[in-house]
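Novice: This is what each chain is made of:
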Amino acid sequence: MSETPEIKQQLPEREKKIADNIAIKLGKDVLGIEIKPKRIKVKIKYKCIKKAANYFKTELNLDHIVSVSGVDYPNDNEIEVVYHAGTYERKDLRDLLIALAYRIPRENPKTQTLIDIWPSIEYDERETHEMLGVFFEGHPKLEKLFLPEDWNDKPPLRKDFKNPGR
Amino acid sequence: MSEIRTFPDFLKRLIIVLGGLLFLAIIIFGVLIYTVPAISNFNNILLESFSNPIVMLNYLDSLGVGINSLFFKIVIFPGYTWAALIAAEIIWFERKFLGKMQMRVGPLYAGLIGGILQPLADVVKLLSKEMISPGRSDKLIFYSIPLLINAIGAALLVVLPVSEGWLIMRSDVSILIVFAVIGFAPISVLLAGWASNSKFPFIGGLRGLHQMIAFEIPMLMAALSVVLLSGSLDLVNIVQAQSSIWFIVLMPIGAIVFFIALLAELERIPFDIPEAESEIVVGYITEYSSMAFGNIQLGTYIRFYALSGIFTTLFLGGWYGPQFLPARFEIINQIEWFTLKTLLVMVIIIILRGVNPRFRIDLLLRFGWSRLLVLAILNLFIAIMILQMGWFPFLGGI
Amino acid sequence: MSELTISVGPQHPGSGHFRLIVKLDGDKIVEVIPDPGYVHRGEEKIAEYRNYIQNIPHFERPAIHDSSNILFAYVQAVEDLMNLKIPERGQYIRVIMAELNRIIAHLYYFAIYGIFVGHSTMFMWPMGDREHFIDLAQMISGQRVGFAFLIPGGVRNDIPEGMMTRVNDACNYFEKRLTEYERIFMNNPIFEKRAKGIGKLSKEDAIKLGVVGPTLRASGVKADIRKDEPYAVYDKLDFDIPVSKDCDSWARAWVHIEEMRQSMSIIKQALKDMPSGPVKLNLRGQIRAPPGEAFSRAEASRGAVSFYLVSNGGMNPYRIRLITPSFRNLIAIPHILKGLLLADIPPAFWSLDYWPVEADR
Chain X
1 MSETPEIKQQ LPEREKKIAD NIAIKLGKDV LGIEIKPKRI KVKIKYKCIK KAANYFKTEL
61 NLDHIVSVSG VDYPNDNEIE VVYHAGTYER KDLRDLLIAL AYRIPRENPK TQTLIDIWPS
121 IEYDERETHE MLGVFFEGHP KLEKLFLPED WNDKPPLRKD FKNPGR
Chain G
1001 MSEIRTFPDF LKRLIIVLGG LLFLAIIIFG VLIYTVPAIS NFNNILLESF SNPIVMLNYL
1061 DSLGVGINSL FFKIVIFPGY TWAALIAAEI IWFERKFLGK MQMRVGPLYA GLIGGILQPL
1121 ADVVKLLSKE MISPGRSDKL IFYSIPLLIN AIGAALLVVL PVSEGWLIMR SDVSILIVFA
1181 VIGFAPISVL LAGWASNSKF PFIGGLRGLH QMIAFEIPML MAALSVVLLS GSLDLVNIVQ
1241 AQSSIWFIVL MPIGAIVFFI ALLAELERIP FDIPEAESEI VVGYITEYSS MAFGNIQLGT
1301 YIRFYALSGI FTTLFLGGWY GPQFLPARFE IINQIEWFTL KTLLVMVIII ILRGVNPRFR
1361 IDLLLRFGWS RLLVLAILNL FIAIMILQMG WFPFLGGI
Chain C
2001 MSELTISVGP QHPGSGHFRL IVKLDGDKIV EVIPDPGYVH RGEEKIAEYR NYIQNIPHFE
2061 RPAIHDSSNI LFAYVQAVED LMNLKIPERG QYIRVIMAEL NRIIAHLYYF AIYGIFVGHS
2121 TMFMWPMGDR EHFIDLAQMI SGQRVGFAFL IPGGVRNDIP EGMMTRVNDA CNYFEKRLTE
2181 YERIFMNNPI FEKRAKGIGK LSKEDAIKLG VVGPTLRASG VKADIRKDEP YAVYDKLDFD
2241 IPVSKDCDSW ARAWVHIEEM RQSMSIIKQA LKDMPSGPVK LNLRGQIRAP PGEAFSRAEA
2301 SRGAVSFYLV SNGGMNPYRI RLITPSFRNL IAIPHILKGL LLADIPPAFW SLDYWPVEAD
2361 R
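Just so you know, the sequences run in chain order X, G and C.
Just so you know, we're using this note's numbering here: the first sequence kicks off at 1 and counts up by one.
Just so you know, we're using this note's numbering here: the second sequence kicks off at 1001 and counts up by one.
Just so you know, we're using this note's numbering here: the third sequence kicks off at 2001 and counts up by one.
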């Protein structure tokens, strides 16, 4: 579902323009862009995550991250890491959230951290690490945040971890 | 009862046994006074004494425990029992009053009227708890601190002038005695914190030490200005010098300085940093339980009463008040006015508890050493000026 | 003096169910390491075992005080996927419940603030006044604390008769009480000394660290989801966003008081402007969201709460990610506590309104 749903009648103009700019700038690295009113999701290749993040921070003025999520797709054997970025500085873009998503293989989920671009995601990346097993290279302190220190089971949010008793 | 293995254990047993024996002794003594003579002599005079209080009082005089004897003054009135009763009543009153200020009821169920037996219920509860201490604490000091705090409060009661002729002890240097006894208070707080061998009581003890030392000096200087004006170190003479005008009118700054220093010495809100609950649990009394805790509370409230009494003596004119009883009962009138004024001071201190949050230790020390000290010195100058100008004719003079 | 490491730990009357590892040099704080995770339940994993209706009371629980605001974000994410349009009366009732919850949560904030600075009256008064608003919420929803009142499609029930007079009485009473709070607490010289200038968070740092809620607004950034990305009927209501440039703990407490005033005016307006009509859509059968993704935000009392919902068309959500305002503000704690004294931890730390249950989920 990439084009307009039935909620709004007109095409979201602003989102389309921004999506076109992103597609032009990042070129072949973009695997797909989904546009909804006030939400844009940009799927990119894992290798150019830093370049895209820099572009978001400097050109589009997205100065803070709202959430870092990991979604486990065992059928595709991949884990998708999604960064939702928003802006406080640009008041006209305050209601817009642009998501940066990439997929990494499930057996060896290694990726780079974006903490030097957005310092506010220290605890989000730690949580994604302990819940899904994603290893963020370059993170200063990748320890357990919520789980107990002696947790020796699978990362809980993976689909093959069943809650005890279910 | 547990085994006695060490000296502190023996001390603990001693406290309990002595306390119990004392209690028992008072009861037995009281009973014996009435029954033994009646059984052994079976005299008409003694039967008559039950209905004639004057004969009874003479009989008690002959035993040495009459109303004018030292025993009565120290133990019953205006000594320890009276102070303990006032302390218990003020505990209840504080909880009830604060409750009304905070839109709730306070103690309600213990006793007939509005939970008036609540302090008794608290004492019974505390007696039934286990007295434990941290494993590696210094048991000797740990268990002597409640006694020390009680002793400080009790020693202050000795020089408190409740009336002109009838008081426990009158000496030429009463104020010096008061300040010497108050000087023990910071030591007790520090030792309590240190002997508990735990981080939070230690921090509380250190803070208490700093706070009390910082505020003793302005207190002393405010009292010094009163001594200058009245010309004597004797508390009775100080009160007699206020027969025409109270010192609070002549030296309002001094009264305020003394009042604020009083709050700091008593560790009442807004200066209850040594017991700051949300930061260091309960401060230096964290590790105390059962009757040790009860003794500390009792000692603190008796000191509260005693120091408020000192404030009344120094600034509010002691026992002077309009005479509305017949002249024969002048002593009772004096005692009553003294008690009334002291209770008024205590109520004001309780009101301050309801409206204020807590100070921070560095702000408090800065306040005590810089601003309060300056005000106290200013007050001293005012006192000297009043003296030199001869605006205040006084008894005895310098 | 050598460094002392203490735990302002879970068993401490000054922390809540949360641990701060504090490294002290004398009385000055050198470093603070927050240690959350004592009340972690795995709510995101549990949500995958429940269907969309069962998740409503489930997602209330992280922040039970302002439960309606968190549910606002959740039901909007579900409705976004299902393309539902809510009847207008339902939207107004949702706004009323959300604002009532905001006042209730803010009063709880002040009560605990009173305890942390040692002001027992400021603990008792807000807790007592909270009862008026809890009674109002009970009139509407039947529950005192966990309402579970917002459902995908509207709200559960209509409001009863006579709500307007009750709300007016409560708001008039509370306006007078707010002036009393200001006199006894906010303008108390001792509290001002303890809170003004303590725990500064500059505007640049606030934006860089991505904090949300009253913390952000007290640092000079006028950002509120209700105005930036209006949901429900907030664009039809007239209210203001209090912003302060002082960036310290006192400013954060002040923002909370002003927000309570604004909430009262929103409730009165919403009650007056409410049209008549149904309050919920007639959704027969189970709620089943079509495959897709949705990200919705709402302004809870502590800040912006977000839901990221991934659905694969099944009865249960495939993945729900919940970002609570306390979790977002966690990064600000070490930042503002550096360089303060040990005695400053309670007023500064609580002014961020960090609720451990919400952050741990």
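It should be emphasised that the hints constitute simulated quantities derived from the structure, not laboratory data.
As the structure is a prediction and not an experimental result, all values here were calculated from the model.
Glycine included, every Cβ here is placed at the ideal spot set by N, Cα and C.
Just so you know, not all the hints are guaranteed correct.
Derived, one-sided and incomplete: chain C residues facing chain G with beta-carbon distance under 10 angstroms [what the hints assert, rightly or not]: (1) E2003; (2) L2004; (3) D2027; (4) V2030; (5) G2118.
Novice: Against each hint, give a clear statement of whether it holds in the structure.
Specialist: Here is what the structure says about each hint:
Taking 10 angstroms as the C-beta cut-off, the interface hint given for E2003/C is violated, the closest approach to chain G being about 14 angstroms. For the restraint placing L2004/C at the interface with chain G, the shortest Cβ-Cβ distance is roughly 8 angstroms, inside the 10 angstroms limit, so the hint holds. Among the interface hints, the one on D2027/C holds; its C-beta lies about 8 angstroms from the nearest C-beta in chain G, closer than the 10 angstroms criterion. Residue-level restraint check for V2030/C is violated (minimum Cβ-Cβ distance to chain G is 16 angstroms; threshold 10 angstroms).
About 3 angstroms separates the beta-carbon of G2118/C from the nearest beta-carbon of chain G, less than 10 angstroms, and the hint is met.
Checked against the numbered hints listed earlier, the structure breaks hints 1, 4; every other hint is satisfied.
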